[in-house]
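Asker: For reference, each letter of the sequence shown is one residue, going 3 to 360 in this note's numbering.
Each hint should be verified, as a subset may be incorrect.
[Unchecked claim] Computed Cβ-Cβ distance ranges for the label pairs, DEER-style:
#: 1; residue 1: Pro150; residue 2: Ala330; range: 14 to 24 Å
#: 2; residue 1: Leu159; residue 2: Leu19; range: 46 to 56 Å
#: 3; residue 1: Leu19; residue 2: Tyr321; range: 41 to 51 Å
#: 4; residue 1: Tyr329; residue 2: Gly20; range: 41 to 51 Å
#: 5; residue 1: Thr277; residue 2: Ala330; range: 38 to 48 Å
In case anyone wonders, no lab produced these hints; they're calculated from the structure.
Idealized CB from N, CA, C, for every residue including glycine.
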Amino acid sequence: MEPMGAVVTMDALQSGLGPIRADTYLPADPADVLWGRLPCAADSAVLTIDSGTEVTIDTISHEGIMEDQGRDPRAFFGGFGVADVLDDAARLAASGYDRAGGGPHVISGPIHVSGARQGDLLRMTVLETLPRVPYGIISNRHGRGALPGEYPESGDLVSVFAAVDGDHGTMPRVFGGAHDVRFELHPFLGIMGVAVAGNERPHSVPPGAHGGNIDINMLTVGASLYLPVQVDGALAYVGDPHFAQGDGEVALTAMEASLRATIRFEVVAHEDAVTEFGELVGPLAETQEFLIPTGMNEDLDIAMQDCVRAAIALLRARYGMDAAHAYAYLSAATDFNISQVVDLVKGVHARIRKADFA
């Protein structure tokens, strides 16, 4: 089936109801999610699939269920005049789940992919992203964001409500104003990843070689993410659904809102992976038009350098370029974008145009 994607004004897409594309479905029940932490090798899978399987996954946005928002999405969104709230989000918020110092994100999974071994790559291809609600929240919290000493201007939290209008989001220019700022919606999952080795679950905020909270807004319908497998079965997961995000995500969050996403999970054997991409040490994304190597570090300068190194290694492995010519090509023809600067570990991704090598 060909990738599909649409954003429409709709009623809330409750668990188990409405369109479910894949034969395999993973709801966001409290027993099937982690909140604030990412899977590790010690975790048990909530689902086991074969390579090549498509899975439709319900995700829950953390906005509206956090402690500083009252941990009651019905009351929180009711304050914006919204009555149609996701039941699974309300159940999770009321469940007494202890995040134990973790991050904000709700993680769906982990999913065991049969045949995945350390050294292989897991390819996660986004086939469909359906909005579960016709609204979202953009938040800025004290001490966070690109300007932590300047915003919020008062208080510890600002939550800006944004509505869905067809394929656009709308928000007011000022608090209490009309919804008269319009921007395009491009739904994607901010978190896509594989489990880390060992028995300690990573915090959900900083991304890394495991993927996780990479917040690359190019991972829309039709895009794939390749991740080096760290544990047998990969133990893949998704979360942090967005309706829209600008590169940088400067305020801390973008337009956060729950999605029903369909993902195809495929194992790429090590020898095939090396032939196609070289020895990957971190996430690599791909769209029909671009190859997208990444770099991540607490220091944005080092993240940029790591992304350039990853891009050079990719060009050498895939297209047989020598390092000097790869470096020159990247300088002449490739855009390097800041993925995000708000997740403790900052991210940079490159857009290498595949048509240049046709």
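Asker: Determine which of the earlier numbered hints do not hold for this structure and return their numbers in increasing order.
Answerer: 1, 2, 5
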